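*Asks:* Assemble the complex: chain W is given as a structure, and chains S and C must be docked to it using the hints.
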Amino acid sequence: MSRSVNKIWQELLERTADGKPFDLSEKSAIAGISRRTFLEVLGYSTAALALSGCRAPEQAIVPYLKQPVEFTPGVASWFASVCGGCSAACGTLVKVRDGRPIKLEGNPDHPLSSGGLCALAHGMVFSLYDPERLRQPLIASRVATWQEIDNEITQKLGAVKQSGGRIRLLTGPITGPTSLETFKKFLAQFADAKHITYQPVSTDAIRQAHQRSHGVNAIPSYRFDKARLVVSFGADFLGTWISPVVFTRGYAKARSLQNDEREMLRHVQFESHLSLTGSNADTRVKVSLREETRALLYLAMLVAESVASDNASGFSSPDLAQLTYKTRAALELVASELTNHPGSALVVSGSNDPDVQYLVNFINHAVGSYGNTINLTATSADNQSSDQEIIELVRQMNAGEISALIISGVNPAYDYFDRQAFINGIQKVPLKISLNSTMDETTSLADCVCPQSHFLEAWNDVEPVRGTFSVNQPTIAPLFQTRAFQESLLRWSGDGRSFYEVIRQSWREKLFPQQKQYATFDEFWDQTLQKGVTVSESAQSNPAVFKSDGLQEVTSRLISSSRETSDDLGLVLYQSVALRDGQFANSPWLQELPDPITKITWDNYISVSPRYAASSGLEEGRIVRLSKGPAQIELPVHIQPGQHDNVVAIAIGYGRTKAGKAGNNVGGNAYPFVTYDGTFRYQAFGINLEKTANRVEFAQSQSKDSMEDRPLVKELTLTEYTTGEGEHHSEHGSLWSAHDYPEHKWGLAVDLNACVGCSACVLSCQAENNVPVVGKDEVRRRREMHWIRIDRYFEGDREEPKVFYQPVMCQQCDNASCESVCPVLATVHSSEGLNMQVYNRCVGTRYCENNCPYKVRRFNWFEYSHSDPIANLALNPDVTVRSRGVMEKCTFCVQRIEEVKIKARNEGRAINDQEIQPACQQSCPANAIIFGDLTDLKSRVAQLKKSGRNYTLLDELNLQPALSYLAKVRNREEVSSLA
Amino acid sequence: MPNIESAKRFTAAFFEREEDLIAGAAEARLAGFEVYDVYTPFPVHGMDRAVALPPSRLTWIAFLAGALGLVFGLTLQVWTSAYDWPLNVGGKPFNSFPLFIPVTFELTVLFSGLIAIGVLFARNRMWLFSKRKVFERVTDDRFVLVLRQSDASFDFHKAVRLFSRHNAIKVIEGDQFV
Amino acid sequence: MAVSLRQPESNDVRLLEDAVTFEVAHPVHSKLRTPLILGDKSYADVTQDICKLLEPKPGRGWWISLGVSLVMLAIGVIATVHTVNTGIGTWGLNRTVGWGFDITNFVFWIGIGHAGTFISAILFLFNQKWRTSVNRSAEAMTLIAVMCAGLFPIIHMGRPWLFYWVLPYPNTRGTLWVNFRSPLLWDFFAISTYFTISAVFWYLGLVPDLATARDRTKSKWRQILYRVMSLGWNGSNRTWSRYETVYTVLAALATPLVLSVHSIVSFDFATSLIPGWHSTIFPPYFVAGAVFSGFAMVMTLMILVRKLMHLEDYITRQHLENMCKVALLTGSIVGLAYVTEIFIGLYSGNPNEIFVIINRGLGPYAWAYWIMFGCNALVSQLFWFRRLRTSIPAIFAISILINVGMWFERFVIIVTSLHRDFLPSSWAMYVPSITEVGLLVGSFGLFFTAFLIFLRLFPVISINEVKGVLKYAKH
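Line by line, the protein sequences are chains W, S and C. Under this note's numbering, the first residue of the first sequence is numbered 422, with each subsequent residue one higher. Under this note's numbering, the first residue of the second sequence is numbered 28, with each subsequent residue one higher. Under this note's numbering, the first residue of the third sequence is numbered 28, with each subsequent residue one higher.
One thing to keep in mind: the hints can contain errors.
Claimed, not checked - With a Cα cut of at most 20 Å, we get these calculated PhoX-like pairs of lysine-lysine:
| id | chain 1 | residue 1 | chain 2 | residue 2 |
| --- | --- | --- | --- | --- |
| 1 | C | K79 | C | K68 |
| 2 | W | K582 | W | K615 |
| 3 | W | K849 | W | K582 |
| 4 | W | K931 | W | K606 |
| 5 | W | K1166 | W | K931 |
| 6 | C | K84 | S | K160 |
| 7 | W | K1223 | W | K1125 |
| 8 | W | K605 | W | K849 |
| 9 | S | K158 | C | K247 |
| 10 | C | K68 | C | K245 |
| 11 | S | K160 | C | K68 |
| 12 | S | K158 | C | K79 |
Stated by the list, open to error - Residues of chain S clear of chain W, computed beta-carbon distances all greater than 12 Å:
| id | residue |
| --- | --- |
| 13 | F37 |
| 14 | E61 |
| 15 | L91 |
| 16 | L101 |
| 17 | W106 |
| 18 | W112 |
| 19 | V116 |
| 20 | L126 |
What the hints contain is simulated information worked out from the structure, not anything from laboratory work. It should be emphasised that the depicted structure is a prediction, and the values quoted were computed from it without experimental measurement. Don't be surprised by glycine CBs; every beta carbon is placed ideally from N, CA and C.
Bound-form chain W, shown alone (with noise of 0.2 Å):
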């Protein structure tokens, strides 16, 4: 391989030798897209994609701590950046093995992921080498040269300048202050021009009910590390509400009992479908929609009473006849352990109702957390316009008002509720520019294709909360012709310079003199990219004051609106964890993540609660059609415990049709089902469902749900944590002396009351490992191929279960059951206590798996398909790919183990605990998984296993596992221990 591409690579250098990147399109441009050229473009990209491996960017980067800037080959280098997922711009560090980047990692400088990253944020890997992104721009989907369409793009413009014609600029939520600029200054040559942003998963809702309750047009940040108490009505915090890896955080923070804490946050969950918060919860109280909002209305009536607070008058009671007893006795509850704890509570809800936020905000207000829990001043800055704007717009494109739309980083052609209108509209429009980077169902509408890049491959500046920046270093040079959506714009007002160059300059000009630290700006820069992220001490503004006008009329207008209708079966819409809005539905590696609370992959479907599947002669997999006027879905019927019978729940994000090869056609597209009222609503009444003739079996990666009465997870009340009860520890004898581990003994605690079940662990893994993915099919036949699964387990009534996780990896036994029946000694331990696994020993009984309890390892049925060579960029060249017939499993990264132990070596010194963190600890939202040395007793995992919650699974049969698990602690009362 390497003779060929070096061969071509030399081609490539003589033709870049004038300093311009070498333009594949030229060719093309001559002789149209014939086939010869078609090959030509194949044969280029790939050349490209050699040539990628081998240059850094063009522009300066600077690696994460004071690393050299040159690629060592075989070593990789680490780069503060920030993650392109979703709005919340978490920090990352980008892992860059020659040349390219193969991992996301959290950032633990940035003060507010500090460390942690979801599972969609993983799968970000994948999205730069998926092989759908688009590779040239497109001129009538003609391929075409920058050049070409720059000055077409510029030329029509002109056109539209010239006439004064509406242009709309449509892009996701911006938080990048010179991304802003550079659209105001674009923006700014228009007679009638407008940036709007458009979230397929609206929050706008929290932002105009603080609009009306303080005069702030923001979403406030949440401090969860700082509550005791939080009452969530239907939101999703820790799965996909707003900045789950930031939320779960502080949440774990609060809960944390790993340094022998003798308290912890208490959690109430009212929601009417299981989610992964409300799993979670001490005590999840069972609402349908609308009875969450009265019980909302009753908590804030019972609040107002109980503060005494002078809004009291303004309410009217709900019918409380209409609120089940159980509701009732739990929210009075509620509302005297509220204001028990004035400061330190917190209320939420995931309604994106402006009424309904506005009542959250009063009783956030009486129970004085704002100025504590909540922050309005570092407001978090994304989604600047309203819902109400993109409606606007997709009426005047309706009727032929807008001249021009540029689209970037959204697809409304997928994702807008009524997405017919939308795609009648953007017809109307003459001059339609998509920047999106795959054809997706908006791209394939517009004229001019301007792919841009992959945020890994381009230059960014964000400001997910006020005051917070981070700078999105490249970490690559574009694998094809594609530009950043910010040069374009730039292009087209004019202006020759490079995005990079605008943002130092702005930064220069406005962060520099903000902060006092740096004499320098390159100082001040470069500090900035090693860290990743630099906080401006922004003046505080005063903290606003609660505007309670308004109030009578919210609440007379909530209760008459959540008055309970005949027959009203709700429909809830919600994003899965894995694929939230659906933008990457065309990841193999998040579409086959089993979700945390179903576990069923490669498909959405529609929930509905146990007593509701029997009555209405419903079984799992059943296929129903449900139906709101137009809007229509067929779709398998899911049965899970814990949902209200008055509701039925679907995720979104699924049904893309031009999402590409991995993401076209899983699941249903269950937008048509949004409303607008105002803002868009995620619920919907009056729905109807009838049951079709076919069945389909779900790819489910766990189908038993019940722990069958063994002590698997172990759960114990917090006075019985505080008082010692429900410890226990196990005493085993042995007939002969152990095996010593002179130097080190790898050891694993995982904190089950730590880890919520985000499963981004599993993703991690699945980065590093190479774990293939297998497929729709295979799942279905209980064949994924992850390392490391969450075992998740529904205790008690399946009207409303007990939800435990339990994260499951090889559990390195010091007596493994594995080891003693390979006939070729292909698993043996290694004197550090690990299970070592030697995959090219392994002729492939599969004994070791059959005695395995855990049942952790994993068979390479196949020959999983590594032909994609860009797929393929994103594999991890420190771990073999493994080949059919071979046995594999957790390592506990053995990989980085030796990494660190060797630049110890180098460097004359012990290893640190906590330097080596396996891939499933490193990314941990909740610091749920804890590495380190057993033979060093001051490390945090010699030390968590003193601790009373310590215990192994199956300690039985006496394997002495090196992984522990810490027990789950309830922050309730009636909760009897497993242990």
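*Replies:* Positioned in the frame of chain W, the structure of chains S and C alone reads:
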């Protein structure tokens, strides 16, 4: 007989019933004839006694072979797993003696069996391309008693008479068998 | 024969009056005992009867059965090629159930392979004369069954082309030895030893008969074959006496070997920790089961053989009845083992053990469990009735049921234990793929093909041993 060049001449008597063979063989031996060998379609019990054939020593060979197998098997396992390349397998001791018993046993049996057979074939000079003569119908239903005419004193007629008494159906004389 | 002959003179064979009669030790033969071999045969008849089976062109029945067997074999070959080309993924296994049909067939065939050596060795040591009519074909069956069995551990590997890595040979990978602690390795040694010793044993018994055949056959190639294989056997008494010594030694070796082989196969399960596998009664339980299934298969075959080749005089009802008695005994032991398993499981107080027992009897694979229980523990009890013991059709039907039952026994042990073990999160179902069924069919194809060829190539009944016991039919 005069012109009989003795030493390597033989007399063979054919019988139909093993009783006659045994009787004939025994009497011939007592009568001072040298019984060279007896050929039968199946092992005739009492034959060895009749011709005073000492019991075979192959049993001992088989035993020793077994012992060899046992030692070899045990050594191989202990040496490879505890000395040549010790590996920690499932936390068990490097020399997990009890776990070595099955293979040791099998090797014992294997050595014993194969070596015994090998010696048997060697001792009987049985091999793939052996061209040994076989008496007519001796693999079917004939029993043949062969005397060696060790010296001139051999009285052929005496032999014939003796055999006839035991219902020999045929007596022949000749040389260079076997 | 290059023996210079001289016609005996007329007077040489004369005057037999004063015959000295010797007391010769005659083999004991009672008049009470029913003859082992019917039809008052002479030695010549025996030779004739058995050798003539080899000579004529094979009949229609033989060709048809061979055709069918070859088709089955072909199916097996296709399935194997598909598996080796594409991967074990072509089977129904998953991350929870790592063994299915593959090891089930393996244990099944090994079990079948136990009757032969049991008959030839153990019955020999106990001096059971009736064995002589059946031991030859029973041993042949053993060898073929062990071949069938031996294939599966190789095919079931993820990388079968590396199967030789289980050999402890000095190699270039830095003295990388094998794991003598692994029951799979014990299997490898046990089975190869078992096969070798059985083969040698069988061949040794065959040599004198080959000589017989050699001295009769007219066909050229048969003559060459038999001449080479009979190693110049000439029936010398010295040879015979050594021969018998070694034969006894081998019998003495083979006896513990038979017991060891299936004990070791049972270790595959007994030494692991999966509930339903981890059980101390497995060795005796497996050995009994093996002999049980082996005798069932021998009966099935013998009934066919004696019909197909008209050997009613040699393989008599008495032979079959004796075998029925063995089957009855071993079947009862197996039944006892089942009950013991249930009792111990429920008595253990270990939730996992209790669960396995309940899951077997009432879980998703309960049907398999009850087929197993019915066909083995219950059906074999029918042999208490003399009428059934002596009715050929009854024996045939029952023996087939037992074979089915014993296959399911292995299926139940393997699959029902694996599919629901310690962590409910990993519970899964196993559904065999068409490829696996193909492999099972193929193994039967191989079995019958080889057996049919054996019937045509070698004396089906040990001629010399039958002659040895012929006296039991005389007078």
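*Asks:* When you look at the beta carbon of E61(S), is every beta carbon of chain W farther off than 12 Å?
*Replies:* 59 Å, holds
*Asks:* For K68(C) and K245(C), compute the direct alpha-carbon distance and say whether it is at most 20 Å.
*Replies:* 24 Å, violated
*Asks:* Quick one, are K931(W) and K606(W) close enough, alpha carbons at most 20 Å?
*Replies:* 16 Å, holds
*Asks:* Regarding the pair K158(S) and K247(C), is the alpha-carbon distance no greater than 20 Å?
*Replies:* At roughly 17 Å apart (the allowed maximum being 20 Å), K247(C) and K158(S) satisfy the hint.
*Asks:* For L101(S), is the shortest CB-to-CB distance to chain W above 12 Å, so the non-interface label stands?
*Replies:* 19 Å, holds
*Asks:* Are the Cα atoms of K1223(W) and K1125(W) separated by 20 Å or less?
*Replies:* 15 Å, holds
*Asks:* Would you check the hint for K84(C) and K160(S), treating anything up to 20 Å between C-alpha atoms as holding?
*Replies:* 29 Å, violated
*Asks:* Within a Cα-Cα threshold of 20 Å, do K160(S) and K68(C) meet the stated pairing?
*Replies:* This hinted pair is violated, its Cα atoms lying about 28 Å apart.
*Asks:* Is the claim that F37(S) lies outside the interface with chain W correct, judged by CB distances over 12 Å?
*Replies:* 58 Å, holds
*Asks:* Evaluate the condition: distance from the CB of W106(S) to the nearest CB of chain W exceeds 12 Å.
*Replies:* 15 Å, holds
*Asks:* Was L91(S) rightly flagged as not at the interface, with every chain W Cβ beyond 12 Å?
*Replies:* 31 Å, holds
*Asks:* Test the statement that V116(S) is away from the interface with chain W: the closest C-beta pair must be farther apart than 12 Å.
*Replies:* Not fine: 5 Å to the nearest Cβ puts V116(S) too close to chain W.
Hint compliance for this structure: hints 5, 6, 8, 10, 11, 12, 18, 19 and 20 are broken, all remaining hints hold.
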